[in-house]
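Assemble the complex: chain A is given as a structure, and chain B must be docked to it using the hints.
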Amino acid sequence: MFASFSNIGKNTVLVSTIISTAVILIVFIVIGIQGLSALPGAGWSLFSSEWNPAMSQYGILSMIYGTASVTVVALLIAVPIGIFSAVLISEILPARYRIPVKSALEILAGIPSIIYGLIGVAVLSVFIGNLFELSTGRTLLAGGVILAIMILPIIITLTEDALHNVPSHYREAASGMGLYRHEVILDTILPIAKPDIIGGVLLGLGRAMGETMAMMLVIGSIDRIPDPIYNILVPGQTITSKLGREITESAFGSLHFNSMIFMGLLLMIAVFLVTIAAQRFIKPGGRLYE
Amino acid sequence: MRRFLFFSLLLILFLSCSRPDSIQIGGSTTVLPIITMAVEEYQIIYPDQAILVNSGGSGVAINQVGAGQLAIGMISRDLTLEEAERHPEVNFTKHVIGRDAVLPIVSAEIYNAGITSLSFEEMRKIFSGEIKNWSQLNGTDSEILVIDKERARGTRHVFMEAVMGNSEASAPAAGLVLGANNELQLAITQSRSAFSMLSFAWQNDDVKGLGIRTEEGDIIEPTEENIRDGRYPILRDIMLLTNGNPDEKAAQFIEFLLSEAGQEIVEKAGYVRIIQ
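Heads up: the sequence lines are chains A and B, in that order.
Following the working numbering, the numbering of the first sequence begins with -1 at its first residue and continues without gaps.
Following the working numbering, the numbering of the second sequence begins with 1498 at its first residue and continues without gaps.
Okay, chain A solo, but in the shape it has when bound (with noise of 0.2 Å):
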């Protein structure tokens, strides 16, 4: 009976286990397998600026430009902003104010994209149009600056995490050593955590270089790398907006929808590999003061 009960424990557990992993090599296989097939057809063309279609061209390289543009201008923009709102929120403020103010901005995480996106083509985009004297604000800047308000929760959790983590018993002895405060969180608090910190950073990274909606509203959608190439007040085109306006249009299978699938392969690849760095840097044990 009770043997019994337990095989079917560990059968339902092994079930799920192998669902949840058949799920992603199927994606890997499906988008690796159709998103390649794109080579044969396209080429070395492929990794060109022009994108038409009806000329049978599909160069992506506007596209990868662009998802790397805005995530850059994201990072600049929110890992800053981040790491000091962490610092306030685990060194500055007074205990009993730490978990209201981090569920208070750990609400922003839980906005759908899609808000982001209205909030970033009725305000923001008129804004940057405005501030700049420029034709249109649907700009790589507006789209960088919407992924950053994105990935802020993310990055604040994380740091404010790693440098809670830190034991007291640091601080405490740096503040005996007559360091003063500031010394205390540039010189003792913030490098023992840099390691977690680097992978909240990575893990946000990530989540920016995936997001579509927002990005489809703001970022003008024209497949063109601006010239010169870091003027980041132009229109331009990230991986998931192309896909996310034009897969539909594609025919299943053609040349114009698998050129779109190898652009989500690379996607892929790259978001892969950096959670995998973000968990090697987050993971716990390598810490400086185990």
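Some hints could be false.
Below, in silico cross-link-like pairs of lysine to aspartate or glutamate (DMTMM-like), each with a Cα-Cα straight-line distance of 20 Å or less [to be verified]: (1) A:K192 / A:D225; (2) B:K1622 / B:E1712; (3) B:K1746 / B:E1618; (4) B:K1765 / B:D1726; (5) B:K1629 / A:D225; (6) B:K1629 / A:E131.
Because the hints were derived from the structure by calculation, they are not lab data.
Same frame as chain A, now just chain B:
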């Protein structure tokens, strides 16, 4: 007992997921306002008939009718040869329910500053980037923001066919690429110097349609009259697309759109009726 209840609930949940008797409609956002209004009225007469309406553009409608995912596709342009060849086993059947014009559109600021008509030649130069500033057309001194549409969109096909002579022509000067009509309408409202293309029914106080100047110098204004008697140069039919003859339920819905009540809806949505 509890377990029995749980499983029967689960069963009900699964059964209610599929509505095999519902009519699936999807496609062009130009046709969408007509269909959403028509569905509301239709369900007053036939309350039991479930109808699901989605958008996505004419290209999406053709793909999905071809793949058998839609019973009725909404299209605002003809099929391209390539699209027809892609689904050789599908017998695409078109049902015209109304008429529409695609207009060159500018922001209200530009219209009020005096640009109320353009020639095809001028539009071609705007799309190619030869004309970059409204001052080159005796308008205000502001850079033209060319808003392009996604390539498979019906409005773009019809407009580019008429202006550029090629429905898939590219627009190197484009500053933005957008999809649905309401998305475009919003972007033009937000801009002070936009130029784009939009269907007759989607004009408003901030989004102004232009007249077209012919080579002889006549200006054809985008009025309902000019569209009805076919004088306006960029016209198109508003169509529904089915695979062969539609089944009974779909046929009944299409018939409704061609009835007096249906044609009134077409007019109410801002388009021109096909049956007088």
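Outcome of the hint check:
A hinted pair counts as satisfied when its Cα atoms are at most 20 Å apart, and A:K192 with A:D225 does not qualify at roughly 36 Å. Using a Cα cut-off of 20 Å, the hinted pair B:K1622 and B:E1712 holds, with the two alpha carbons roughly 15 Å apart. Our distance criterion of 20 Å between C-alpha atoms is broken by B:K1746 and B:E1618, whose separation comes to about 47 Å. Simply put, B:K1765 and B:D1726 have alpha-carbon atoms about 19 Å apart, close enough for the 20 Å limit, and the pair holds.
Restraint check: the Cα-Cα separation between B:K1629 and A:D225 comes to about 17 Å, which is no more than 20 Å; the hinted pair holds. The straight-line distance between the Cα atoms of B:K1629 and A:E131 is roughly 16 Å, inside the 20 Å bound, and the hint therefore holds.
Violated hints, in rising order: 1, 3; the structure is consistent with all others.
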